[in-house]
Amino acid sequence: MPQIGWFEILIIVVLAILIIGPKDFPIMLNKLGSWVSSLKNYFRDVQKDFVNAETIFDDELSLKENLLDKTNNKKKDEL
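The sequence shown runs contiguously to residue 199 in the working numbering.
The hints are simulated quantities; they were obtained by calculation from the structure and are not laboratory data.
Warning: the hint list may mix true and false statements.
Said to hold, decoys possible - Distance ranges between label pairs, derived from CB positions:
1. Lys184 / Ser158: 32 to 42 Å
2. Phe163 / Lys143: 28 to 38 Å
3. Asp179 / Asn150: 36 to 46 Å
4. Gly153 / Ile124: 11 to 21 Å
5. Leu159 / Gln123: 16 to 26 Å
6. Asp179 / Ile131: 21 to 31 Å
To be verified - Below 20 Å or equal to it, Euclidean Cα-Cα: the simulated EDC-like pairs (lysine to aspartate or glutamate) are:
7. Lys190 / Glu174
8. Lys168 / Asp179
9. Lys184 / Glu174
10. Lys190 / Glu180
We put the beta carbon where it would ideally sit given N, CA and C, even for glycine.
Could you put the whole structure together from the sequences, leaning on the hints where they help?
Set out below in structure tokens:
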């Protein structure tokens, strides 16, 4: 996988300034930053949803196991 160094980043920035223009370059960076921020927030929310789903699943599984243990203990006591 190719790596991008500082020199390549500098070339990309200079080309972007020449193509976009020096007045619109900060506006473009601001929009790009807001898009990256919203994308990070989206993935953080998705990750949080998966963690919550896993926690709920683990809680339900432990409740089911506890209920099975209690019913098995109750059947043993009746015998």
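Status of the hints after comparison with the structure:
At about 39 Å, the CB distance of lysine 184 to serine 158 agrees with the hint of 32 to 42 Å. Taking 28 to 38 Å as the suggested C-beta distance range, the pair phenylalanine 163 and lysine 143 conforms, at roughly 32 Å. The given range of 36 to 46 Å is respected by aspartate 179 and asparagine 150, whose C-beta atoms sit roughly 43 Å from each other. One distance hint, 11 to 21 Å for the beta-carbon pair glycine 153 and isoleucine 124, holds here, with the actual separation near 19 Å.
The supplied range of 16 to 26 Å is met by leucine 159 and glutamine 123, whose beta-carbon atoms lie about 23 Å from each other. A hinted range of 21 to 31 Å for the beta carbons of aspartate 179 and isoleucine 131 is inconsistent with their spacing of about 53 Å. A hinted pair counts as satisfied when its Cα atoms are at most 20 Å apart, and lysine 190 with glutamate 174 does not qualify at roughly 24 Å. The suggested pairing of lysine 168 with aspartate 179 holds, with an alpha-carbon distance near 16 Å, which does not exceed 20 Å.
Among the hinted pairs, lysine 184 with glutamate 174 is consistent with the structure: their alpha-carbon atoms are about 15 Å apart, no more than 20 Å. For the proposed pair lysine 190 and glutamate 180, the alpha carbon gap of about 15 Å is at most 20 Å, so the pair holds.
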